[in-house]
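Protein chains in written order, with the numbering used here: chain X, 1 to 341; chain W, 1 to 170.
Hints listed in this document are in silico derivations from the structure and should not be mistaken for laboratory results. All of these numbers come straight from a predicted model, not from anything done at the bench. A couple of the hints might just be wrong.
Stated by the list, open to error - Cross-link-like lysine to any residue pairs, in silico, SDA-like; alpha carbons within 20 Å at most:
#1 W:K30 - X:W302
#2 W:K34 - X:V35
#3 W:K30 - X:G107
#4 W:K34 - X:Y41
#5 W:K30 - X:A336
#6 W:K30 - X:L179
#7 W:K34 - X:T303
#8 W:K30 - X:V35
#9 W:K30 - X:V8
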Amino acid sequence: MQDVPEYVIWTLKVVAVFGGLIATAAIMSLAERKVSAWMQYRYGPNRVGPFGLFQPLADGIKFIFKEELIPAGANKFMFRLAPALAAIPSMMTIAVIPMGTTAVVDGRAIPLSIAQIDIGAMYLVAIGSLSIYGMILGGWASNSKYSLLGGLRASAQVISYELTLLLSILCVVALSGSLDLTKIVESQQHVKDWNIFTPMGVIAFINFTIASFAETNRHPFDFAECEPELVGGFHTEYSAMRFALYFIGEYCAMTVMSCLNATLFFGGPSVPFLPEAHWALGMLAFFVKAGLFLFLFLWVRWTLPRFRFDQLMRLGWKVMLPIALFNLLVTGAWIAFAADA
Amino acid sequence: MVVLQRKELTLAERMYLPEVLRGLSITFSKFFEKPMTRLYPEEPLPTNEVTRGQPRLVVKDDGNIACVSCGMCEIACPAYAITIDGGETDRPIEREPVRFEIDMLRCILCGFCEEACPKDAIFMSDELELAGFSRESLVYGIEQLKRPKSELQKRIDYVYRLNKRWRRAP
């Protein structure tokens, strides 16, 4: 193990994380339908394989073989580019999330995140919000009024909630004293140190969760693809695999947000009451935490009705932004005056 | 003029978050309940004698059908689904169909043939499923329409009971 070159380990990590993310997106597409079915006294997909487990596979094959339509007036280059632009940023952001502490295999220490950069949180926010370009471009390039409206709404919404999201992350960064996600995790080794157990952390957590729903265009804030008003929103004109790519992007963004939520507020791979636990157990704890947040995404989607667009804007600018700002102020004051005392 | 009196919302309701949690708890409580959906091909629909399925020819205990090819059902059929060619037989009833076809794609399961039949030869069964690879394969002849009397007994009894109600007292 000691003489395995560094790049092999890197490649293995990248393949594992990327494959895992895509697999999660596939499982989420099945889980979404299963969860909705269970909440509505139904069975959900159960024909393909045991309990319908191979449904994502069948969907994938179907999407690949379907005919792809491009509207006559569409900007063909942008139309083809947009889904990739929407999907790639959320796949890139998973790189900085520490899936565990440090794995020790044959005496060799392997950090369990692809990239350990000093400004992980900032990188994540900066790259993560790029995926909105995919939606705007897709909406604009489709040459359809519904798509354009969907894209516009998505951009307005993401800009509004990006602020709250950032300010909530800043709270955690201030509490932990580092932008490095690995350091943020290290500062929450014990359960009592988890950021959720500080008063500022609770408010930041609620703000972050709500803003992450808006960021990923999920219910109750899915105005970008608001079916009753906009047919399909920005992806109205998309078909076949490009349509699927938008959804892979959405599910990947959900996964990253769930991972980030677990990392920032619930100690990431820290196992409750076992601060010195084995790294594999830590990884499992991390996946369980992230999985619970993924379930929350689905749970909320099948419970709450959609907001109205003006309500969304009012909530974002008049309620959540002031709360987030005030929370950051309190956090700063607490660190300056109370933390050392 | 109707003045709509809107309910004053309490503070908790206006804060929205407690109500969100209440909604989430409601959906979660439904999570583990038994589904109401029927898994159709594995769990067939429940039928009883009132079910008006596809018409079938009753095979009597002696192995023959009761049809005398009178053509009453052919005339009664509103969808022109029934075609009958009559022929002779040595049995006491003297006439029997040489060809009795029901086009199942035309049949609307109305039950008029059952009502029209003077010889209790045709009854509605509880068979509802119909599938085939060609239109021709779904034009059923005598052999495909035959059903033993025991299978249709419940329906026969039901029709007798029903008709008795309509009959005027002597």
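For each hint, the structure was consulted:
{"no.": "1", "hint": "W:K30 - X:W302", "verdict": "holds (12 Å)"}
{"no.": "2", "hint": "W:K34 - X:V35", "verdict": "holds (13 Å)"}
{"no.": "3", "hint": "W:K30 - X:G107", "verdict": "violated (49 Å)"}
{"no.": "4", "hint": "W:K34 - X:Y41", "verdict": "holds (6 Å)"}
{"no.": "5", "hint": "W:K30 - X:A336", "verdict": "violated (48 Å)"}
{"no.": "6", "hint": "W:K30 - X:L179", "verdict": "violated (41 Å)"}
{"no.": "7", "hint": "W:K34 - X:T303", "verdict": "holds (19 Å)"}
{"no.": "8", "hint": "W:K30 - X:V35", "verdict": "holds (11 Å)"}
{"no.": "9", "hint": "W:K30 - X:V8", "verdict": "violated (48 Å)"}
Checked against the numbered hints above, the structure violates hints 3, 5, 6, 9; every other hint is satisfied.
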